[in-house]
Every structure is written in C-alpha cells, then in structure tokens.
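**Q** Protein chains in written order, with UniProt numbering: chain S, 1 to 366; chain L, 1 to 366.
Read the hints as simulated data drawn from the structure, not as lab findings.
Below, simulated DSS-like cross-link-like pairs (lysine-lysine); rule was C-alpha separation at most 25 Å, straight line:
1. Lys43(L) - Lys330(L)
2. Lys66(S) - Lys330(S)
3. Lys290(S) - Lys290(L)
4. Lys94(S) - Lys132(S)
5. Lys66(L) - Lys39(L)
6. Lys85(L) - Lys209(S)
7. Lys132(L) - Lys85(L)
8. Lys85(S) - Lys209(L)
9. Lys43(L) - Lys66(L)
2 protein chains.
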Amino acid sequence: MPSGSPSTPHRPPTGRVTLSIDAMGGDGGPSAVVAGMSKSADKNPDIAFILHGREAELAPLIARAKLDDRVELRDASDVVTMEEKPSHVVRHGKSTSMWSAIEAVRNGEAEVAVSCGNTGALMAISMIRLRKLDGVSRPAIACLWPSRNPAGFNVMLDVGADIRADPDELLQFSLMGASYARNGLDLERPRIGLLNVGTEEHKGRSELKQAHDLIAAAAKRASFDFVGYVEGGDIPSDRVDVVVTDGFTGNVALKTGEGTASLIRDSLREAFSYSILSRTAALLALTSLKRLQKRIDPRRVNGGVFLGLNGTVVKSHGAADATGISAAIKLAFRLAQSGFNERLAARLADAEVLRSNDDLRGRDPA
Amino acid sequence: MPSGSPSTPHRPPTGRVTLSIDAMGGDGGPSAVVAGMSKSADKNPDIAFILHGREAELAPLIARAKLDDRVELRDASDVVTMEEKPSHVVRHGKSTSMWSAIEAVRNGEAEVAVSCGNTGALMAISMIRLRKLDGVSRPAIACLWPSRNPAGFNVMLDVGADIRADPDELLQFSLMGASYARNGLDLERPRIGLLNVGTEEHKGRSELKQAHDLIAAAAKRASFDFVGYVEGGDIPSDRVDVVVTDGFTGNVALKTGEGTASLIRDSLREAFSYSILSRTAALLALTSLKRLQKRIDPRRVNGGVFLGLNGTVVKSHGAADATGISAAIKLAFRLAQSGFNERLAARLADAEVLRSNDDLRGRDPA
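Whole structure, please, built from the sequences with the hints as guidance.
**A** In structure tokens form, the structure reads like this:
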C-alpha cells in the first residue's frame, strides 16, 4: 500500500474542534454513544460533532439530548458487526457508518474520528482511506495505561494494529509514541522503553537487539530519552513514559492487565459485601474506594489511538458506556486541539532521524 | 542436547518427602529460606530437607530454628548471583549451592528442588544435569495464576524458560500443562487454551494456527478439553485451566499481571490511609481486606515449575520472603507426593498422542 498523503486534515482557525463519531457498532448502540457525546458537550463548549449512522434512529436521540446545534447528522444505512472480517468490510463496507466516519476525516471536515466498532475493520478502512504517513510502514494502536507516573498514565504501542513488527517498525513506533506522549500527556521529553523479557542486554529475541540499537541511536535527534529494555512489570511503573512492542505482545499485555484489574475489582466488591461489619466499612470508605475506582477504572483510559495515518482515529472499547465514550471523545478533542497529527507527520518527515540510523543497518549512510 | 534419562528419581516407600533446597541466591538470603522451611516444617511433619549453601552460615540458622532433625546440610562454597550469565554458570558453577541442589534430585536423594536464584542459570543447570524427558524438545516454566475458577488458580506455561516455541512445542506444553493441572490442581480433565490476540480462528500468527490444529487433534487421547484460542483477559478467567503460550509472551503477561496487581494494591493502601474516616473503615474492614489480600497475594502462588525434565524444579521468586518460600515448598511437596514427574513422563512417553498428530504435519502416519 502506498504511503502517500491523499488529503491533509486542516485545523480550523476558530477554537472549535469537529469530531467525526461512528454512532453504531458498539455494544451499547447509538444511545450509549449519544449519552457520551452529551457528557462531553456539557463540559466542553468547543466540541462539535458529525455523527454517522441511521438517521431515523439518531435524530430522536440527538433531539432528546438537546444536541441539535452541536451535531451534524450523516445518514449511513449499514453497520459493521464485531464478527465481520476486515477484508470483507473493505470490499463491501462503503455504506457503513464506520466508513462514513473515516471519510469525514479524510475530507478534512473533522479532525479526529471516534468509533466503538470492530477494531480490525476500523484499522483496515483507516489504512485504505487515510493512508499511511510518509516514513511509516506499519501503523500502530497506542493505548494509555494507569501508571505510577505523575500524569497517572503511560503509553503503550502497538496494542493490536498488527501481529508483528520488525526493528525499523519498532523504531517508527518509538517516534510515534514519543509524539503522542508529547501531545497527549504533555511530556516534553518522553522516556521510551522497549518491552522485553529481561532488562539485561543479552536477553531476548535478536530482532529486539537490533531495535534496541536503532532506537538508542535515534533518541538524541528525536528528543526522547531511551531507557532501554523494560519488562512487563514496568508497564504501570514510573520508569518509562512510552512502552514500545509488537502488536501481538502488546495486545496480550493490555488484555492481561485489564483482566487482572477486573478480577481484583470483583474480589474487592466481594470482600466488602462479606459481613455487616465489612459492609459498614465500605460505606465509611466510600470516598476512598471511589478514588481508587477512578484510578484503576479502564473507562477513564478508554481510547486506543491509531498512529501513523493521515488523520487520527480513536478506537473506543466496544463495551464502552457513556463515561467511556466521553473519555474517548476527550482524548480525541485534546489530540485535535494540539494539532497532534501534523506534528507527528513533521517528526516522521524529518527523515534525518531515520537516515542517521542507516549505518546501524549496515547500509551506505549516503 | 540428548533427551535421555540419566537417572530416575524414585519415591521413597514412606510418606516422608525429601526436598532439595538452595539456601542462597535469593534477595532475602539464607535466613528467609530457613524461615520459610521452618513455616512449612511446622505445618507438615512429612517434609524433610537437604539444604545447600555455606555450612558455616546455615548451621546456626538451622539450630536456632530447631530444624536439625529435619535438615541435612550440604556445604557449597559458591553462590550464583542474579547477574551471572547462564552459560558462565554452566561452565564454572559446579561448586555453587544451586548446582548442588539440582544434583540431589539427579541422584534421587530428593524428589524436587527449590531455588530462589537466577532463573536462567537454574534452567541451564537443570537442563544439563537432569536432561529433558523423552518426547520433550523444549522444557517450560509453568506458573499458577489467581483466577475465577473454583480452585482459585489457573496454570500458564511457558512463562520464560525460552523465548520462542514452535507448534510441536506448544503441543508438548499442552500435554505438560494438563499433567501439571491434574497433579497440582486436582483437575481430572483440564481445559487447555492457546493464547492469541483474538478468539476468532482467522486471527493471529500462522504458527498458532498450526498449533491450534495439533492440540485439537491430541485432546481426546490426552484426556484434556481444548477450548481453542484464549485472550489475555481470559488468563484469570474461569474459561480455561491451562493457558499455553511461548516463553516471551508468557513472561510479559506474567510480569504485566504482577505489575498491575501491585499498582492496585498500593493504590488501595493509599486510598485507605487518606483520611481518619477511611483509616477507621480500613480497621473495620480488616478481615475482608485480608481475605482480598490473600486472594491476590503473589506470594501465595509463588513457584514456577520447570516442566519436561527428569526431575521437578520449583523456582521461587527472587524477592520471596518466608511466606513465599513456604508456598514454594508446599507446591514442591504436593508435586513430589503425587508422583507428578513419573506421571508426566508416562504421558509424554505415550507416543501415540504425538504420533496421532503426524498426519496434520503432512508426515507419513505410519
């Protein structure tokens, strides 16, 4: 697939940011999506939406939420289901709400697209309609991860755009992740770590050793710090801001972390409903428990971001409720407002960063 | 490396089980190890120990713990450090406590060895001294994982013996994991799942598709149920008893789960010490919190088991305290008492299981 630039999304001169929202395809259906939009619209007067889906279903929801002046409806008759194969959607999905949502970013009508739908299909449509940025051979999905850092989050990528990544692609992920941490987490000089099974330099797969050297060589020019190898236990730590890995490992780690947190949440609930004493304690501790819940609530970090395309796409969790969708919208707004994608493109177009590594790959550095 | 059988550990006719313990190399030093042994000895009159390390250091600890009649000391002057390369230890480590601990299993003096030391070195020594079981091309490390299952645990392997596994080896892991679940968790017909990035059959790496078909074909004869692909979120679930994966992915998942649990534990502690009200609540909820703590305490599931060798080795966490070491000893005792390794060897020697898959690999099934 060529990595050309069919259209460059522009930032409107006003403070208002338009987001393109896929109303369909999530577990909660259009009503959860509109409820999330409503939450965000209440808090932020600068957001406008283009909403894609079945107009007859959406219009009453928008009217009831009193969002008419913030939302432009765009009718799309079909819905991408969670089971559909990406290749099928690419061939037959032109009339879906997902396709329409991406098209609005491609056309420059919206800054960022948000969808709760089928991840594989969303990535496939984004790839063929938005195309890859110059210098990117494999896009990635980045997620936020609750951590011990002051910001409360780390970034990890790739968490599932693809199932592998070679050393050059892991270097691209480092550049993209650094840009995302700068714009999404306000970190001027993010610390990048490469996920491995040990922090000793002799451990791990040979492609990781190559990637290690490429990333180390690019760090200075690309204005990030490279902390070297990190382990699974460092993902929620304060040792690192951005964890770089291939999409298979990243996806397993992400879902393992979510599964572990969910098991502990349920055990906590169980522990506190065990006896009258513990139920009383839970009442007394309600504020503290809510503070904890907020810290580890996966809905707050809802939103994987597709990086490396001509346009930004936020993938919200399929099971997201209004709170989760509102978090994804907030993230989309922040990235749009910071002009994230233009900055990322500029970083990647700075071919010097990549070229300065050529000698490490044994090529002629000329 | 040949997979012969230099010596077969035997079960003594009495109910007493002798474990071989490496006293050195853990973060807590010999005093933590002896404290753990003491805890286990108090609870279980059937355990005896051979303890390996610097005699001058160990003798007073054993005397103080009043363990003289349960422990045979074996002097070893050297200690394997956490930083040492496995290849170096294999060449120069004959006088270490770790080597001595494995040697006692090789000689049939003890049923199972336990060490808190350097995992890579322990695996390397175990490989060359105990050798691989017939039918095993790659040993694996299996760990227990807190889960929603009635037993409270799932098994995952490989969590770090090696960094890759081909389809045949993933099949071997399934057989070894099933055997471990039968003997370690008392599950007659364990459910095996293959870790992947999606449960749909078209997803994931091609070697996983091959492994999927091999394991499915072996399930009936090997008396386990194959649930197909599972995702990271299923590791702590009740969908599966044994999660099979390569050592790179398994190690990242294990450490990610531990890191997530540790972040939540600290947040919980912080939440409960926030105000006088929440501190009061914590006091009231103490029993419930302890119940929760026990459920998610990594020390309780302390002990990775090396599978696929002529002898069982339990790797305790390097940072394990007395509670953690006692948990590893309990696991070692249970496996020794069930005659686990002989059963595992018998399963793997039942070449029919592997041979029945030959047609799937396109070989002559004869």
